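Peer 1: Build out the structure end to end from the sequences listed, making use of the hints.
Those protein sequences? They're chains R and X, same order as listed.
Position 894 (the first sequence) corresponds to 935 in the working numbering; numbering is contiguous.
Position 29 (the second sequence) corresponds to 25 in the working numbering; numbering is contiguous.
These are computed hints drawn from the structure, not numbers from a lab.
Treat the numbers as computed from the prediction; the structure is a model and nothing was measured.
We put the beta carbon where it would ideally sit given N, CA and C, even for glycine.
If a hint is listed, it holds; no wrong ones were tucked in.
A few chain R residues that don't get close to chain X, going by computed Cβ distances all over 12 Å: (1) D816; (2) R902; (3) L994; (4) L1019; (5) G1024.
Derived, one-sided and incomplete: chain R residues facing chain X with beta-carbon distance under 7 Å: (6) F770; (7) P777; (8) D915.
A few chain X positions that, by computed beta-carbon distances, are all more than 10 Å from chain R: (9) E11; (10) L42; (11) P46; (12) T67; (13) D77.
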Amino acid sequence: MTGGYRLGGGIIDRARTLRFSFDGATMDGFAGDTLASALIANGTRLVGRSFKYHRPRGIFSAGPEEPNALVELRCGARREPNTKATTVELYDGLSAQSQNRWPSLRFDLRAVHQLAAPLLVAGFYYKTFMWPAAMWEKLYEPAIRRSAGLGRLSGEPDPDLYEKACAFCDLLVIGGGPAGLSAALAAGRAGARVILVDEDFMLGGRLLSETLEVDGMPGVAWARQADIELAALPNVRILRRTTVFGVYDGEYGAIERVADHLPEPAPFTPRQRLWKFVARESLLVSGAIERPIVFGGNDRPGVMLASAVRSYVNRFAASPGRRVVVFTSSDDGWRTAADLDRAGVCVAAVIDPRLEVAAEVRALANDIPVHLGARVIDGHGGQTLRAVEFIDAGGARKTLRADVLAVSGGWNPNIALATHLGGKGEWSPRYSTFLASNAPKTMSIAGAAAGNLTLAAALGDGARCGAAAATRLGFHPGQLQAYRASDEAFAVTPIWHVAGARNKAFVDLQNDVTDSDIAVSVSEGFRSVEHLKRYTTLGMATDQGKTSNLNGLAIMAELTGQAIAQAGITRARSPQVPVAIGAFAGLNTGQHFKPTRLTSAHDWATGQGASFVEAGQWLRAQWFARPGETDWLQSVEREVIAARTTVGICDVSTLGKIALSGPDVGAFLDRIYVNTFSTLAVGKVRYGVMLREDGFVMDDGTTARLAPDNYLLSTTTANAAKVMEHLEFCHQVLWPELDVQMVSVTEQWAQFAVSGPHSRSLLQRLFGAAADLSDAAFPYMACGEFCLGRIRARLFRISFSGERAYEIAVPAGFGNALARELMAAGEDLSVMPYGIEALSVMRIEKGHVAGNELNGQTVARDLGLGRMMSTKKDFVGRIMAGRPALVDPRRPTLVGLKPLDPKDRLRNGAHLMAPGAIPGPDADEGYITSTAFSPSLGHWIGLGLLTRGPERLGARIRVYDPIRSGDSEAEIVSPIFLDPEGGKLRG
Amino acid sequence: MRIPCPYCGPRDTAEFSYRGDATLSRPDASGDPAIDDVAMFAYVYLRDNPVGRHQEFWYHGSGCRSWLVVTRDTTSHDISDVRLATAERP
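Peer 2: See below:
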């Protein structure tokens, strides 16, 4: 029988046969097919199993509203669960699998869930799994996790690219159906920049699925002609296979399925593209979605939306079955009977609950038997529909043999996007549906989305709204184009639900919510539509209830005796369709998650065998391993010894550098730092600490005064941007009257620390006669600019290591060259590069605070820097730093820690408490912030914050680290382990 | 959301960082710690959460580095006024 369902006509390309497989069976389709239409043409009716009850399910719709026909697409790493067969464009080699079945689609053992239906009623999550609590871990949770979700993820990294793009336009037209096309033509011809977005791979919307005519030509031909004209307009951009999923403030999010219709993306092209549209106005022409009618067995494969049946017959030339019954409460459903009849498919009956229909509508049925005043109560069959049971106008139950039941309950305008910014659906008695009210200011709605359900009305409304938008935006659309088209009959008397069925009657097919679930929830007191949704999970599946919400709400309204208008409708939220996380991530994955910043001497460091570590966005040399070294601690020890006994060089370019100029910089910095900078002499450097306004330490660093009106401030690597923002705030907001200019020059300078007894010799060789670096001419804390060949270099005599040390800065482009020059000039001085591990060891040995101590919870006094706080001036954070809790002498304060047993290792994060105390929060007196193995001392040392620490020097403290099984004792010592007088750094 | 920066024109919010209420002024130190503590505490910690129009600071860190006073409706995100923080406050 395979292939026997293909009809004549349609807009498929019969010259291009595409081979695909479903659950391993190979089939053929044509270019222009969707997976769903190709399955239908091959006579495949059972395509999946339902979520809770594992009932057999077939194809229900022909578009993105599909609740049933969800499949896993592709294999291996590209496997994608829950794709809608109705929107998957067929390609050669496509492979799809059904989901949520075990062991096979036809024989699914989990269908026994149906027997457990009483346990799976509305709110079952809250009921069945409540008690006993012990069952949760062993039984309920594993069971829920196994059953949750429909498809399976591949579990492998996604091999494809996703990218993000932005586009700007005057008018964004959301939807490429008749109204969208006429709107885009009106605005585009007027010269407006238009972006026309359509989710299908072909423009035309419902025109592709109907036999209606526009201007005397078939609708499909008219759509193609409009497409060609729009494509030729330079100010119009058409995006096919693109869905607008969300409306944000002045912006629209959309997903373009660039390569989803290909076996795999072409090299270097993305699979999907996430669009952000910035549009002055938008026009929502998203059409309408046909709504079903709820009756028993309405989920059997073969029960379909009547409009979908028309789509398969007219557009895809595929007949969903051999013998069709049409059940419609709207005039529109009758056209399905007419189109089937014309295509030669047997229509067994048209069943319409209305007692009267217009003569022109009645005529659509031709010779088909018609049952007015009748309603379908049950669909019977197993894995496919076999018979339709209905009650005729006289109340008699009758059964008709049929394998397809086409259902039409009227149309719901697709207003979801109009409600994303707070708009609400408002009940329209005229159309028996919700129309959008209070849509976003810059959005208008046209066509079927606005209730214009006939072709002529939609075309006219689209043209009018497109022209009106263009006029508002300053364009001159000229005379409105009139289109010749029919106003089909669309009258509807809504019928939401047929009660009294023997079979389960499903409201939400994807989440398996039945009419009785809604009754249970109403009987338990849920009256709000939003509560009903969450309690029953109605409308919460991947289709967001596009075909189920209104029926569910109508059933609830009926049960509670309210009008639907009173009951209201749940608010739609973005995203309107599922969007892959990969699309939101775009190219920001793996190592590209954030930018990587390299210092200008990175190549040199690489050549020196550096191991790098991330410091914020920067890569910094951590240590430079030498042949024979087997442990990083060995490398670090060697580097520390070099920087303390001969000379070492370290790239410190990543520290933030902010240049400030102007007559008021000194006064400005006095307000920024706790200490004074206006008194800093030209050619000198001073260490400073700045606070946040709440009194806690923000950052520290040195600031040099290069000229009377010219300071250079340095920040820690991590806080460079934050300090810049802070300084700009202080200047622009707090004290705009101060004449100060500032700019970040972090990236403009390459800077190296040169540390050790031979540092001066090395630099003197480098500068030669251009600089006098004698201690008299260039003492500790001096700074200056000197010629280094043809470039200007800055030199600062500052020391983080505690040795005689300098920092030399050159324009960033010379970073590599400077490093090489330093190495060459110091060859016979045993110069050695050192990384930030050695830097860190040396700063701990000297008791300098760094990020571990500047942790946002410490005040200056905690760090032993309280005396720096000037009492002669105001500065940011001064007042709040004086709060009682922040000056409490019991606050943990910086101390050094030395293990009593020199073999013991200290670790960051270990807690400090009195020896013999019972560990616990009450005994806790502080913690260790930084630790290092000190090559100079030959044992581990630590810095920590300890209550009344400085008063307890020489005492013992318990170092308690239960996570790493650490429990030892240490001696409380000064945080300055080496050269406390500072004699070495002064020379 | 896009913010019309006086220097750079309408720019994406990703270029800005947010700082909150722009109607507060940093209190000048009076010299009386009791008064200063209370005033500074209010400045640092106390914020209203208004429905509707709100003046707030935004920093165009990825653009011209200007601090802006943006008048935004917290219910609709409509921006009715943007000026430089250095300019006279509205």
